[in-house]
Each structure stands twice: as structure tokens, then as C-alpha cells.
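Trainee: Residues per chain, in single letters:
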Amino acid sequence: AQSVTQPDIHITVSEGASLELRCNYSYGATPYLFWYVQSPGQGLQLLLKYFSGDTLVQGIKGFEAEFKRSQSSFNLRKPSVHWSDAAEYFCAVGADTGGFKTIFGAGTRLFVKA
Amino acid sequence: EPEVTQTPSHQVTQMGQEVILRCVPISNHLYFYWYRQILGQKVEFLVSFYNNEISEKSEIFDDQFSVERPDGSNFTLKIRSTKLEDSAMYFCASSDVGRLEQYFGPGTRLTVT
Numbered sequence: 001a002q003s004v005t006q007p008d009i010h011i012t013v014s015e016g017a018s019l020e021l022r023c024n025y026s027y028g029a030t031p032y033l034f035w036y037v038q039s040p041g042q043g044l045q046l047l048l049k050y051f052s053g054d055t056l057v058q059g060i061k062g063f064e065a066e067f068k069r070s071q072s073s074f075n076l077r078k079p080s081v082h083w084s085d086a087a088e089y090f091c092a093v094g095a096d097t098g099g100f101k102t103i104f105g106a107g108t109r110l111f112v113k114a
Numbered sequence: 001e002p003e004v005t006q007t008p009s010h011q012v013t014q015m016g017q018e019v020i021l022r023c024v025p026i027s028n029h030l031y032f033y034w035y036r037q038i039l040g041q042k043v044e045f046l047v048s049f050y051n052n053e054i055s056e057k058s059e060i061f062d063d064q065f066s067v068e069r070p071d072g073s074n075f076t077l078k079i080r081s082t083k084l085e086d087s088a089m090y091f092c093a094s095s096d097v098g099r100l101e102q103y104f105g106p107g108t109r110l111t112v113t
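Residue numbers (our numbering), protein chains in the order written: chain A, 1 to 114; chain B, 1 to 113.
Worth flagging that the hints you see were computed from the coordinates, not collected in a lab.
Keep in mind that a hint or two might mislead.
Stretch by stretch, here's where chain A covers chain B in the computed footprint (C-beta under 8 Å, at least three residues) [stated by the list, open to error]:
| no. | stretch |
| --- | --- |
| 1 | 40-47 |
| 2 | 60-72 |
Keeping only pairs whose Cα atoms sit at most 35 Å apart, straight-line, the calculated DSBU-like set for lysine-lysine is [said to hold, decoys possible]:
| no. | chain 1 | residue 1 | chain 2 | residue 2 |
| --- | --- | --- | --- | --- |
| 3 | A | Lys-68 | B | Lys-78 |
| 4 | B | Lys-57 | A | Lys-61 |
| 5 | A | Lys-68 | B | Lys-42 |
| 6 | A | Lys-61 | A | Lys-49 |
| 7 | B | Lys-78 | B | Lys-57 |
| 8 | A | Lys-113 | A | Lys-49 |
| 9 | B | Lys-78 | A | Lys-49 |
| 10 | A | Lys-61 | A | Lys-113 |
| 11 | A | Lys-113 | B | Lys-57 |
| 12 | B | Lys-83 | A | Lys-113 |
| 13 | B | Lys-83 | A | Lys-61 |
Glycine is no exception: its CB is placed at the ideal position from the N, C-alpha and C atoms.
Chain B on its own, in the form it takes in the complex (with noise of 0.2 Å):
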């Protein structure tokens, strides 16, 4: 069964650096989505993204946040300086063109120091 992949699965950056977070949706998705989850809370949505653009964003998806497919497989959140407070499991979804059901990956783990 298809799946979505992250890379790394655990990241450690330092305070201040940038940062990119890897995805590999399923390969016939159309959309594609960034969400977070700060330990012991929920899932917070961060941004869609569908035809190279965004879509929709939340307020969490500030200027410090971008997004891109730079090929025809990958789908990449960057944080440009990274702060303590976007230590989170970061998961990347995907779905098809009826958007009703997001497949999920197995998320990467950020660490800020």
C-alpha cells in the first residue's frame, strides 16, 4: 500500500538555524499538508498546498515558514531561524483530488536546542 515518507525522522538543529523537513507524498496526491504537534497537545494544521501555491495557511505559518515541491516528488517545509518553541513532531500529509481523507506520514521529530 502507498505511503508517505519523512526524512529525517529526528532532527536536532541549534537555536537560530534553518531548517528542512522532507516529505515524499503519495505519488497520484494532488494536495499536500504540513501539520504540528508540540509534545503532549494536539495536532495543529500548519499549511496546504495544491497547483504550487498555498492554499491555506494558519496563523502558527508565519514568516519564518515556507513550503515547496521542488521536483516532482518531494514536498519540503523550511524554517528559516528556528526558534526553542518550534521543537514539535512536524507531519506531512497528502491526499487525492477528492480531498476527503489525508494519509498521514510518520512525522519527524524536531529538536531545538
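One chain only, chain A, in its complex shape (with noise of 0.2 Å):
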């Protein structure tokens, strides 16, 4: 079955050091991967995407993830953090299952210190 495992619950990085986020899905098939960000009661919003060719995709407000098929991962990264980016992070995995639907990993919630 489809899934997305994100390890780490919470994380916390000084504001300027650099972040990591893992991801590692679990899809039969070429996935279709995304990361989205969610600032406590809002919606979510689409940081990055996946679909195929280069496996280093850049997204919105500095971040970029990097697609690892050998190692099912699909890590996020920002070379320095603001502490503006202090917020819920999802993975999430685009699975055709004949109702196409998202699945979400459990969240990261990122900490920022000063």
C-alpha cells in the first residue's frame, strides 16, 4: 500500500543554520511527490513538486527537495532558515489507485530559534 513516513515529528534549527527534512514513501509505481506548508490554522500550501526529470526540483521561498529512487526518499532542504519558516511540513505522495488522491505524511513541525 501507499504511504509516506516522515521520522522526525519535530525539529528545531537555529534561524540562518540549514535544514533537512526526510521523507521516505512507499508507491509501486513512479510517484508523483509533493511537500506542502502549514502555518498553524491555515491551509496548506504547495512548497515543491516531483513529477519526473531532474531529480533536484527547486521550489518556492528557497527550498528544494532532491528525488532518491534507490533510497524511496524525497528530502527537503534550505541552505539557511528563517524564522519566518517556522510551520508544519507534509510530504505527500500522488497515488492513481483509479480515484487519483494524496497521501500525507504525519507532519514535521519545524522549530526556529534566534
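These two chains come separately, so use the hints to put the complex back together.
Mentor: Right, dumping it as C-alpha cells:
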């Protein structure tokens, strides 16, 4: 069955430090992968997506993610974190099971300390 | 840029009452979805809808739930008799014929008291 695992429930980084959020997926076919960000009480904002092609994808707000098929991973990175990046981050996979749907991971909450 | 809209942004209802959550998908999209996020938990798929019928539904989507596209623009989720555990954020989404990417609305926070 399709699934997404985000092994870190929460991460704390200092402002200006680099960030990597981990994501592993389980999906039998070519995955369609997404990262979303959610501020408290808010909706989901798409940061970036991978469908095919270049395995390093660039997104908004300076984020990037790398698809590694051999590791079934799609980790999110940012070279220098800003205080406004504090939020919940969700990795997701698009699953075509006849009726297409998005399967989300449990999320990683990012805390940024000054 | 076109976007998915949802109304109301927050709905409070008493247990046992019926609620209808409304969504206006992006106008040329053909696939419509509802997701649920209980506070502090992950986003869960409820149902997908295409060509005026349900394509797929999760085990959460029981007989208390129904979806409808009453006209050419709206897509609704009805909960017939709300329970306390239905309290959650409900997200509507839509996608075009390629289906690869879903565009999410801002959500409706449903509070059942």
C-alpha cells in the first residue's frame, strides 16, 4: 500500500542554519511527490513537486528537494532558515488507485530559534 | 491565479445536526476531492469525485457523509448527523484532466459541540 513516512515529529534549528526534513515513501509505480507547508490554523501551501526529470527540484521560499529512487526518499532542504519558516511541513505522494488521491505523511513541525 | 475557495471558513454545530461544507473548485477542473485533518494530525483522504460520481472513498467516508455537485461550480460535502469526532479542518481540492497535482482550498474548520 502507498504510504509516506516522515521520521521526525519535530525539528529545531537556529535561524540562519541549514535545514533538511526527511521523507520516505512507499509506492509501486513512479511517484508524484509533493511538499506542503502549513502555518497554524491555515491551509496547505505547495512548496514544490516532483513528477519526472531532474531529481533536484526547486520550490518557493528558497526550498529544494531531491528525489532518490534508490532510497525511496524525497528530502526537503533549505540552506538558511528564517524565523518565518517555522510551521508544519507535510510530504505527500500522489497515488493513482483508479481514483487519484494524495497521501500525506504525518508531518514535521519546524521550530526556529533566534 | 485561479484558486479553490471554501465556505464557511469556520462552522460551529451541535452534535446530531447536519452540516454542508461548500467548495468552488477551479473552473476547468474535472476531479474533485475532500480531505480531513483532525487537529494535530495528518491530512486524510475522504473521497474523490469525477463525472458526477464517486471515484474512490476511504473507510472514513461512511454513510453519514455524502458529496454532490449541485451545479456547474459548487462541490459540497454533507455530514448528516455530526459527531464530536467530526471536528476537524476539511479541505476541498480539485485537479484537471492530468490529475497529477491537486489544488487545495483554504479549508473549513468544523467544530462539533
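Trainee: Given the hint that B/Lys-83 pairs with A/Lys-61, does the C-alpha gap stay at or below 35 Å?
Mentor: Violated: B/Lys-83 and A/Lys-61 sit about 39 Å apart, past 35 Å.
Trainee: When you check the alpha-carbon spacing of A/Lys-68 and B/Lys-78, does it fall within 35 Å?
Mentor: violated, 41 Å
Trainee: B/Lys-57 and A/Lys-61: Cα distance at most 35 Å?
Mentor: The given pair, whose Cα atoms are some 34 Å apart, holds under the 35 Å limit.
Trainee: Between A/Lys-113 and A/Lys-49, is the straight-line Cα distance small enough, at 35 Å or below?
Mentor: The given pair, whose Cα atoms are some 28 Å apart, holds under the 35 Å limit.
Trainee: Holds or violated: A/Lys-61 and A/Lys-49, Cα atoms, limit 35 Å.
Mentor: Satisfied, since the Cα-Cα distance of roughly 14 Å is no more than 35 Å.
Trainee: Going straight from one Cα to the other, do A/Lys-61 and A/Lys-113 come out at no more than 35 Å?
Mentor: holds, 18 Å
Trainee: For the stretch 40-47 of chain B, do three or more residues have a beta carbon lying closer than 8 Å to a beta carbon of chain A?
Mentor: holds (count 5)
Trainee: So if I understand the rule, the pair passes when the alpha-carbon distance is 35 Å or less; does A/Lys-113 with B/Lys-57 pass?
Mentor: violated, 41 Å
Trainee: Holds or violated: are the alpha carbons of B/Lys-78 and A/Lys-49 at most 35 Å from each other?
Mentor: holds, 31 Å
Trainee: Would you say the stretch 60-72 of chain B counts as covered by chain A, given the rule of at least 3 residues with C-beta under 8 Å?
Mentor: With 0 residues close enough to chain A, the hint is violated.
Trainee: Taking 35 Å as the top limit, are the C-alpha atoms of A/Lys-68 and B/Lys-42 close enough?
Mentor: Cα-Cα ~24 Å, so holds.
Trainee: Below or equal to 35 Å on CA atoms is what counts here, so check B/Lys-78 against B/Lys-57.
Mentor: holds, 14 Å
Of the numbered hints listed earlier, those contradicted by the structure are 2, 3, 11, 12, 13.
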